[in-house]
Every structure is written in structure tokens, then in C-alpha cells.
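2 protein chains.
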Amino acid sequence: MIIIVAGGGWLCLQNFSLVKRVLIGAPMKTEALQSKSNHLFWLIALPILSADLYSSVAYGPEAGMSELAQLGPDAKWLILPITVAAVLLLAILINSYIMGVLAYPNGGGAYAIARDNFKHSWVAVTASSALLIDYVLTVAVSVSAAVAAIASAYPAVTPYRTTIALICIFVLLLINLRGVAEAAKVLAWPTFFFMACMLALIAFGFFNEFRFGFVQAATPSFGTVPKDLTALLVLKAFSSSCSALTGIETISNSVPIFRNPKQKNAIKTYVALGILEGVTLLGIAYHLYVHGISVHSSNTMLSQLTALIFGNGLIYQLITWSTFVVLILAANSTFNGFSQLAAIVASDGFLPRKLAQRGDRLSYSNGLITLAALAGLLVVFFHAETNALIPLYAIGVFVSFTIAQIGLVRRWGHIKGRHWKVNLAINGIGAVVSAVVALIFAVTKFTGGAWIIIVILPWFAWLSLAISRHYKEVRSQLHIDLALDRPVTHEVTSIVLISGIHRVVNNTLSFAKSIDTNVVAVYVGFDDASIERIQKQWKEWGSPCQLVTLKSQYRSLIGPISSFIRDIQKEKGKDSYIHILMPQFIMKKSWHNLLHNQSALILRTWLFLHKDVVITTVPFHLKK
Amino acid sequence: MIIIVAGGGWLCLQNFSLVKRVLIGAPMKTEALQSKSNHLFWLIALPILSADLYSSVAYGPEAGMSELAQLGPDAKWLILPITVAAVLLLAILINSYIMGVLAYPNGGGAYAIARDNFKHSWVAVTASSALLIDYVLTVAVSVSAAVAAIASAYPAVTPYRTTIALICIFVLLLINLRGVAEAAKVLAWPTFFFMACMLALIAFGFFNEFRFGFVQAATPSFGTVPKDLTALLVLKAFSSSCSALTGIETISNSVPIFRNPKQKNAIKTYVALGILEGVTLLGIAYHLYVHGISVHSSNTMLSQLTALIFGNGLIYQLITWSTFVVLILAANSTFNGFSQLAAIVASDGFLPRKLAQRGDRLSYSNGLITLAALAGLLVVFFHAETNALIPLYAIGVFVSFTIAQIGLVRRWGHIKGRHWKVNLAINGIGAVVSAVVALIFAVTKFTGGAWIIIVILPWFAWLSLAISRHYKEVRSQLHIDLALDRPVTHEVTSIVLISGIHRVVNNTLSFAKSIDTNVVAVYVGFDDASIERIQKQWKEWGSPCQLVTLKSQYRSLIGPISSFIRDIQKEKGKDSYIHILMPQFIMKKSWHNLLHNQSALILRTWLFLHKDVVITTVPFHLKK
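Protein chains in written order, with the working numbering: chain A, 14 to 637; chain B, 14 to 637.
It cannot be assumed that every hint is accurate.
Note: identical chains are not told apart, hence a pair may lie in one copy or across any two.
In the DSS-like style, the derived pairs of lysine-lysine whose C-alpha atoms are separated by at most 27 Å in a straight line are [as the list claims (entries may be wrong)]:
#1 LYS602 / LYS367
#2 LYS367 / LYS564
#3 LYS367 / LYS601
#4 LYS485 / LYS602
#5 LYS132 / LYS434
#6 LYS367 / LYS485
#7 LYS549 / LYS434
#8 LYS367 / LYS636
#9 LYS624 / LYS564
#10 LYS585 / LYS601
#11 LYS367 / LYS429
#12 LYS526 / LYS585
#13 LYS526 / LYS624
#14 LYS601 / LYS552
#15 LYS485 / LYS549
#16 LYS636 / LYS583
#17 LYS636 / LYS587
#18 LYS587 / LYS526
#19 LYS564 / LYS587
#20 LYS198 / LYS485
#21 LYS526 / LYS636
#22 LYS602 / LYS587
#23 LYS583 / LYS526
Just so you know, the hints here were simulated from the structure itself, not pulled from any lab data.
Isolated chain A, as found in the complex (with noise of 0.2 Å):
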């Protein structure tokens, strides 16, 4: 088996880029960016720019219910009271972003936000930090309700959750590595499927409780209290429920791809999507009370509800997978979002620049990789548990929120304007609401699992600031005068390094003596008796340089070759080039590689770190 992995392996680096070509597709040219003209109907918009919020309705009210499990079914009422809290929770985002849009007509995700109304770029950075890791969150917690949704209906998939959200995640970074941007709107069709089943299911459960009455016999008591309820509890379900709510951001972010107007088109689009999505949420808690359904650690409450309404036939299976499809679009419409938002930050400076490069197929493909990685990761350590990730979740999707509902305030504060007080307003409440949900977040699930982002956020927005210090520094190093700063030349002292009289000395030889400067040959050697043979070869092979012969007593060519250096800077002045030049084996099979002795390489690297040579490599490529 591991033979075979190997041998697998070993064939895909040697044909890497053919498997890439296969797998990702042939490259694609700069101006094919310009030619997308993605301008979208606010109809189809709608299931696009939705699939993340939309979808957590497949976990949102699980995640609260899971918080009171332990009360045991007297607390099953209470999904109503904090549901519709957070539907009111959702109205006063809707609201704020809406303001967002009128602001931003050019997309103003928190980010740009933060950047355009603080003078400070800590804040900025915060936003952005707290946004990347909501995304890596998101996939991370998409993909495992996905995985869950599956599980319920096939519970013999569940010992390998793990393993199938590991395998989506890779599936989802090849399909955004290959660009799906052309196909965007296929993926409208899913959300909507989707969109239509939950309607459904709320109407067919209406139907279901007209026939066999409203209070039915699962329905538990309303309105008694549970004997170990607790404030604190409450506050917990209710900021788990509001992992529903993540993903309001991803139409303000959009403007630009709306057809004109685009700015009536979008808020349109939040105003659909807020009442579809609050129409939902109720409902399905509505039905969840009704019939009594209990968290089940492999049976998610939708799919419960989904087989009490529909039976476990055809329509079960439709709304499973239809399920599954539209949490894996919103972790794809996340990569998306993660890569698109790394690559502004990069390329302000406060990320590795590496992510605002675009790969061969325009996407942003090292951001999807990252981001790949780390949801990976996530998955692996949390077993692709949904309950497990939800107290990680939303903390950042609410710092951000709070963060650019402030900006908004400051804006409307400083530009006035039409209506300004009003905007001002439903901004100021938005931030406060906002702030106050991130609070209770972070208090009551800090030992569940949000004082791990409490610790990464500021460490992440510290670390974006020191690499926007980074590169300030290196380009004020860089920069010079065109007039002043020009090429100088200096005397050149070319260092041979030779391991005996052979054909590879040759070749290195020849070059060094080609570029005219003064060469000098330095053998290395272990003992006397090869030492003197080396100075007797030299002169029978008619000393075509000075020869320098070194002797190391530890076996070591880095101390002796350091100290020479040494002694011919001194020598020759700091102004003076000392230049190394040293022979590199290049093999016909790769595995010879293994067969020679890696020195010259291991040489190479430490004169680099250690000394200020320059090293010139000259290649000698065997035959066979």
C-alpha cells in the first residue's frame, strides 16, 4: 500500500504540471479579467450572494437548542423567544448594511470600511482580521453541516465525517483554483431548490398540525422555567443561534455586480433575503416546538423534522441532499470571499503579497490554499463536529460588523448629507447591538472555545501590522536616487572551490577563467597525504590558477572556507566583490540526486546566511 502511495506520489511530482493542467486547467491570460462581465439580475443574485447566510438556517437553531439540551424537555420552548430575538437581530443588520450599500456603492465590505473612516490601521487590520478568520470558520463549519446533513440520512457515513469533509474542502480549493466564476449562476439554481424546500417544509407543517392540531402530544409546556435555567444559559443559546446570521455581509461586499441601479438592486436584494430568511427561521423553530424534536448527536434536528413531515422518502433525500449542495455553496462562496478579501489586504501591505498574486487561472490561488489548509485543519482537530466549531464561529463576524457599523457612524458624522441623522441612527444601533452580541459571545463561550480567537485575533492583527512595517521598511531601503545611485564597479576575487582534478574542476575552471577576474582555486582536504596529492596534480596539470589548499580537522568544509573568506576580505577591503563559485551536479534521474553528497548545497546556504559572497553556480550536466 505505502508503495504504491509512494510510487503514486513519486509520478505526480515528477509530472506535476501535467497534473495540474488536468486538474486545475490550461492558463488563462491577464485580459480575460477584463472580459467578465458578470452583471447579475437581483433575482439570481439573490440565491447567489446567499448561500452563506441562508444556509446556516441548517444549523443555527440546532446550535441554540444544543446549548439547553442538558435542561431536558421543559426548555424546548424557549427556541421561540430566541429565535425571534434573533430575527430582530437580524432586521437591525439588515438595516445597517442597507446604509452600508447607500455608502459603498463600490462594495464596502467592513475592511474598506474601517480603512476609509480610521485614521489608525489597527482597525482596520482588526476588521480584516476578524473577517479572515470568520471565513476560515465558515468553510470549516459549512462543510461539517454538510457532512452532518449526510450523516443523518446514511448514518453509516458517520465514522467518516472527518475524512468526507476533508475530502469536500479539496474539492471545493480545485474547483475555485480552476476559476469558477464563469459558471456563477448555474449555482443559483441549488440555493433556490433549497430555498423552496424550506418553504415547503414550513407549509407542508402547517398543513400537518392543521390536521392533527397545534398542540399536538410531543409538544412540551410553554413558558415553564426549567429548574437550572440560568441567565447566563439563555445568553449562551441565543448567541449560538446567532451563528444563523453569518454571511449578512456578502451582499454590501457585491454592489458591483448587481445590473444598474445597482445600489436599488442590492438593497432590494437585502430586503428578499431578510424576510425569506426570517420567515424561515421562525418557522422551522415553530415546527421544532410543535413536534418536540430533541438535539440527537447523529440525527440533526432539519432532518428529524424533514422525516416527521415528509416520511423518509423521496422528499427526505431531495431535501437532504439539496441541503448538503447549498452548505457546500456557501463554503464555496466563502473561498470566494477569503481569497478576493485577503488579496485588497496583501496588497495594502498588511498580508504576505504572495496573496494578492493571481495563479495561472486568475484566482487568487495561494489565499484558496491558505484557506484550504487551515479549514482542513480546523476539521481535523474538531472531528468536522458543527457543536464543536459554533462557539469558535461568529465572535469575528461580529467584531467586524461592529467595527464597520462604527465607521458608518463616523462617516454620516463627518459628510452629513440627506437624512444623515436617521443613517446615523440605525448605524449607531446597529454598532451597539452589534458590540453587545460580540460580548456575550465572547463571555459565554469563552471556555467553550472562543478564548482561542480572543487570543488569535489581536495576535493576527499584530502580526498584519508588523508586516505592513516590514515592507515600509524594505521599500524605503530600496528606493534611490536615479540621478545619484548608479551601477559602480569593484575589484572581483573569484574563489574556485575543487574536490580534486576532474572534469566538473574543469568546467568551473573554464568559467572562472572567462569572466577575467582574478581566480584562485581552494582545495579543502582532511589530511596531509591528500593535500600533497592534490598540489602535485595541480602542477602536473599546469597550475592554470593560483592554488590555496585548506586542512580541516573536524571533517568540515564550512569552518576552514569561513576563515579564508575572512582573511581575504581583510585583505582586499569591504568595497571588494568576493565571488564563490561552485560546481552543481545536475543528474539525469532524480534519485540520483540521493547518490552525491549535498555539501555544495548545505555550503551554498550557510555562505549565504553568514557571509556577504557572491556565488555562481555553474552547472555540470551528466550524461546518464
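Given the coordinates of chain A, assemble chain B onto it according to the supplied hints.
Chain B in isolation, oriented as in the chain A frame:
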């Protein structure tokens, strides 16, 4: 946790040489090799050279009996004939090896004998491959058995056996990297102590039987034929118990370390060791039979016997720990044996030459590390279960025994000499017996794991021959005629790759102009605007050399640069040099490397593998 580990790893890398010094010690001079005079008195050599052989009494009889465990108590008496057969084999092998000592006073391992007596090198590499594979297994088996001894006394340890075995291997590696040879005499005493323990165990066993009867309640009947007994099972049990005979070759490999008369002392040691080993095997087997001790998965038979005779008190603890120590010493002596054999084979050109290089502390560090890594892998795969490893074990040893004996037969036939017919007969018997045992092993253990060795052994031998062919090929390609082949100069075209006009480019161009060749600056732009900008700036900069601009539509540097090089090569002819100069940032802090595109590194690697170009990297040291 991960962060701590990662941080620790980072610190280790940063201070690698410091960590290395603390663990391994200061480097040693080559001269230190000659100053060692470890000529040993035979009574001290006995325990030092016999740890491998003698320690296997701890698992040999048990390995045999575990094959028969399925037959129930009726089969227990078979331990007696099987052990008698193994001791007979021991006597034959010791006689054969004494012949080896007489023939090769400078130490004649199977590899040396085969090199000397067979024209074709495949015989020798088969012997060396068999021995090297078996050394790896010796470490895995000895360490696993050592840990099993401890786990028998302390059952709480059982779940952590793999981890403890890995730690043991790692500690052994460190000790051997330090070079333990000076302390070798100290290592004699634990083996002496273990021998004394075993003899005491046997003596007290007889004392016990003298008091309570030689047939006790637990004594199984003798000579009954269990229902399912087959000849194959008996052979299987016999071959497993022959794992107690591995390590027999150590003394014949080490003749030079004896005091004069070396050969006589070595033979004396062989005879003494043979008697000791035989008595111990027979004694233990006899007592195991009398007390009717069964195979138990978490309590070794030796531990059960000890507890039965001495109780679970201090003496039991002493014997347990001395078993542990002597098995670890067996593994330790194998580290020495493996790295020395690998070095000899490597210096003959049949293995990568790195294995023949002495490290800082004069030990063959690459061989030691290879052995530890392979043995560690085996321990992990087989969960440190001795009886699971046994089927892979000993087959290699008996293959090498056979080759050595046939080699000696050929030698006696060739050189004749005194008593040559007797010698030839002894080795002839040895060869036939070894071959038969190897065959029995291969057949009876095939499905149990021996097939792995039967696959790997020929592959490894083939690989050794391929390595040898490669080195010969390279040697012939590198050979030059000192009178005819002399360095010749050719035209050099220096190409400086630039990414803009800044201090780094200034620095690189300065060097290029200092070596006084034909210099061309090459700029690869991804769009027309950047190309026009660089052309304008280049003029402002006073055009220090010719500038060529290339446009890359696919945002890749490799394509355009590659075709530019091809054009120049065509123009200048194949004898002229293409010389590529690249800048290389040298960061003050290593994490800064992550912030800079490593495109230069990738480009350099690509050019090296695909083009015949000389590459120079000019460092630019960042100040912060």
C-alpha cells in the same frame, strides 16, 4: 499546545547547532580515530560482543511456543525437542564461524567473505542487504522485547509500548551519535549481570523442582500428539525459536578488537558463549515445561517463570530490569554494526556515499540516523509487538549465514592448506543447514510477514548494484587527462533579471559590470504600462547597459525568460556561456522570508534543471 510545539521546533531550528552540541557533544578531530586502542581481554569481550545473541534468550523460546499456543496445553512439551534442535543448530553455526575466524583474522563478515570469494558482486550485495535489513529488525525486535519485559512487570505501561520503544530508539541514536566506543567496557557489566541472573534462575529452578518434584501439578504430559499438530506447525515453531540465534556473527566480525593472540581469544570466546547460550536455552525451556507456563499476550514467559521461582519481590525486579537493559544493549551494539557495515558497503560504492562519512563525533552519523528511522517505522507499524516482528526476522541472517558458509567452502577449496578437507566439511554442513533453515523460514513464515523480506531483499540488492553502476558511470565521465584537458575560456553573456529600478538592481548590476562581460538587463512585465514605465526610468537612469523587455501574458516568468535564453543560445553558439544574475534578499529575521515572493528561488531551480546556464546570486542584505 500546537503553538508551544511549533515554537519549540522553531527555537530548535534557530539554535540547531547549540541543541546539537548539548545532545551530541563537541566535534572531534580525525586524529582521535587512531588514538583509540580498544584491544579487549576475551572475558570482557564476551559480554560486549554477545549482548545481541545472548539477550535473545528473553524472546526466542517464547517466539517458538507462541506458534503452538493454538494447540492447547498438549503441545507444551514440544518446547523441549524444538529447543534441543535450536541448540544443535547453534553448535553447528558456532563451529562454522570459528572457521570464519581462522580464515579472516581481520574480521570477516558475510559481506567481506562474499566480496573475497565470489566474482560477481551480486552475491556480496545480497549478503550486505540481508544483514542490513536484519540489523534494522534486530533493533526493532530487541527494543520491543525490552519494553515487553517492563510491561510484564508494570501492566499500566502496556498501552504506551510503542511510544516507549520509540523513545528508547531515539535515546540509543543520541548515545551512538555521541560515539559510545570509549565507554564500551562499562557495557560489559549489565550483560554479565543478566547472564548471572539467567544462570541463577535456572539453578533455583532446579532447587525448586528438587523440593516440589520434577513432575508438578502444572507439568503437561510429555509426548502426546495434539490433534491439530502438523509438520508445518513444528517447523514454524522451530524457525521462530531460531530467532534466538541471531547475532552469532558479531564475534567473527570483531576479531581485530581482541588482545593477542587475537584468533585464539576469539575462538575461546565463541566456545564459552556457545556453552552459555546452549545451557541457558535448554535450562529455561526445561523449567518452562515443568511449570507448564503458557504464552500470554501481556506477560512474557520469562517474566512468568521468574515470578514463579522468585516471587514478585526484589529479585523479580532485578531480573526484569536486567532483561530490559541487556535487550537495549543488544539494540545498541546493532547501531554500531549497522553503521560500520553500511560504511564499508558505501565506500565500495554499493550504497550512497554519505553513509561512509564520519560525522562531528567520528561516528557514521548518517547510517545511525537511517537505522533509527527505519527501526522506528517498524516499531510504529507493528505496534512494538515482538511476536508480530519475528516472522520478518532471522530470514536475512540465515541468508547471510548461507552466503558466508558457501564463501568459506569456496575459499577452502581454492587455497587448500592444512586440514582443508575438515574445514571445508564443517563449512559445507554449516552452509547446508543455514540454507535449509532459511528455506524453512521463508516457507513457513511466508504469509506471516516473511514475504515482505522476500520482496525487499532482492529489490535492495538490485538497488545496490544500480547505485554501484551509477557511481562507476560518473567516475568515468569525470575522468580527465591532465595533459590534454585544460580550462578554456569562452564568450560570456551576462543577463541581469530586474523587477524595477531600485537598490537591489543597482547592487546586482554593479557586480555584473565588475566582471566585465557583455551585460543585458531583462525585465518581464505583465502589461504594457509597466513595460513603458521601466523603459522610461531606464533612460532616466542613464541606461547602464542594454535593456530587453519581455511581456508575459500568463503572469509567469519562466516562459518568456526561457525563450529569451533559447534565442541567445542560438545566436552565440553552444560553446558560449549564458550567465544569469539574480538578486537574493537576505533577511535579518527568518520569518521575513515568508513575506517575499520566492520567485527567484523557483526560477533558479527551474533554470538549473532545464537549461545549461551559469547562475549567480548576488546577495542584498536588508538592514532590519
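Each hint, compared with the structure:
no.	hint	in the structure
1	LYS602 / LYS367	between (32 Å within a copy, 18 Å between copies)
2	LYS367 / LYS564	between (45 Å within a copy, 20 Å between copies)
3	LYS367 / LYS601	between (32 Å within a copy, 20 Å between copies)
4	LYS485 / LYS602	between (44 Å within a copy, 15 Å between copies)
5	LYS132 / LYS434	within (23 Å within a copy, 100 Å between copies)
6	LYS367 / LYS485	within (16 Å within a copy, 45 Å between copies)
7	LYS549 / LYS434	neither (94 Å within a copy, 51 Å between copies)
8	LYS367 / LYS636	between (37 Å within a copy, 22 Å between copies)
9	LYS624 / LYS564	within (21 Å within a copy, 35 Å between copies)
10	LYS585 / LYS601	between (41 Å within a copy, 25 Å between copies)
11	LYS367 / LYS429	neither (39 Å within a copy, 75 Å between copies)
12	LYS526 / LYS585	both (20 Å within a copy, 18 Å between copies)
13	LYS526 / LYS624	both (23 Å within a copy, 21 Å between copies)
14	LYS601 / LYS552	neither (33 Å within a copy, 44 Å between copies)
15	LYS485 / LYS549	between (56 Å within a copy, 25 Å between copies)
16	LYS636 / LYS583	between (42 Å within a copy, 21 Å between copies)
17	LYS636 / LYS587	between (41 Å within a copy, 16 Å between copies)
18	LYS587 / LYS526	both (23 Å within a copy, 18 Å between copies)
19	LYS564 / LYS587	within (26 Å within a copy, 38 Å between copies)
20	LYS198 / LYS485	neither (41 Å within a copy, 63 Å between copies)
21	LYS526 / LYS636	within (24 Å within a copy, 34 Å between copies)
22	LYS602 / LYS587	between (42 Å within a copy, 23 Å between copies)
23	LYS583 / LYS526	both (24 Å within a copy, 23 Å between copies)
Checked against the numbered hints listed earlier, the structure breaks hints 7, 11, 14, 20; every other hint is satisfied.
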